[in-house]
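J.: Build the full structure now, drawing on both the sequences and the hints.
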Amino acid sequence: KAGVTQTPRYLIKTRGQQVTLSCSPISGHRSVSWYQQTPGQGLQFLFEYFSETQRNKGNFPGRFSGRQFSNSRSEMNVSTLELGDSALYLCASSWGGLVSTDTQYFGPGTRLTVL
Amino acid sequence: AQSVTQLGSHVSVSEGALVLLRCNYSSSVPPYLFWYVQYPNQGLQLLLKYTTGATLVKGINGFEAEFKKSETSFHLTKPSAHMSDAAEYFCAVSEASGGSNYKLTFGKGTLLTVNP
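Here the protein sequences line up with chains A and B, keeping their order.
For the first sequence, our numbering gives the first residue as 18, with consecutive numbering after it.
For the second sequence, our numbering gives the first residue as -6, with consecutive numbering after it.
These aren't lab readings, by the way, just hints derived from the structure by calculation.
Bear in mind the structure is a predicted one, so any value in this text is a computation, not a measurement.
Every residue, glycine too, gets a C-beta built ideally from N, C-alpha and C.
A portion of the hints provided could be inaccurate.
Chain A regions said to be covered by chain B (calculated; three or more residues, Cβ under 8 Å) [as the list claims (entries may be wrong)]: (1) 34 to 48; (2) 117 to 131.
Straight-line Cα separation of at most 27 Å, BS3-like style, residue types lysine-lysine; simulated pairs [as the list claims (entries may be wrong)]: (3) B:K101 / B:K61; (4) B:K62 / B:K51; (5) B:K42 / B:K61; (6) B:K42 / A:K74; (7) B:K101 / A:K74; (8) B:K51 / B:K101.
T.: Structure, rendered in structure tokens:
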């Protein structure tokens, strides 16, 4: 069974631009969660999508948004990029999502650098 | 709000020695508890999890953790370290936050170094 894939793996943008990251979950998984990992703040939960609906949300500004398609693939968008948005963005998929005890499987991440 | 504290951002052990990585959490209700490992330039991999039932949880690669409710702890151990265990380890807690909003909260991570 193929694992969670994220594209692109590396991305360089400049301040003020917007960016879209993609995550393809494991086949059959309905939940996709997004996380931001930085040296200073560590791993922080952004949001979870389940069956095309945002079900849970962390404490990030509205510049961070996402969506999920009918095939469970998910995209995360960050608008008006700031230097502080430079991070490794991880997505994770599971069948039942955060409200369940199902194991979340993580992708390798997208490394975003904002100049 | 739930929080996770990992004592020691960096732990160094000799090959063959006991590995002990500490995790304490704050939660108003019994949470789900997890340990993840992250190798360089890779995503996170689940080592083990506690949901309900037996408080001693066995995971992959010889790791285990014990949920101690009275101490609000979930320390990770391995009897004998191997060079391949060198990685960063994250403790995480999942519970409802503010009604039905669930989220996964991670500790800051502990970098494990294994010396030959």
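J.: Each of the hints needs a verdict: does it hold here or not?
T.: So, going through the hints one by one against the coordinates:
1. 34 to 48: Check failed, 0 qualifying residues.
2. 117 to 131: Since 8 is at least three, the answer is holds.
3. B:K101 / B:K61: holds, 20 Å
4. B:K62 / B:K51: holds, 17 Å
5. B:K42 / B:K61: This hinted pair holds, its Cα atoms lying about 14 Å apart.
6. B:K42 / A:K74: holds, 22 Å
7. B:K101 / A:K74: Holds. B:K101 to A:K74 sits at ~20 Å (cutoff 27 Å).
8. B:K51 / B:K101: holds, 23 Å
Going through the hint list in order, the structure does not satisfy hint 1, though it satisfies all others.
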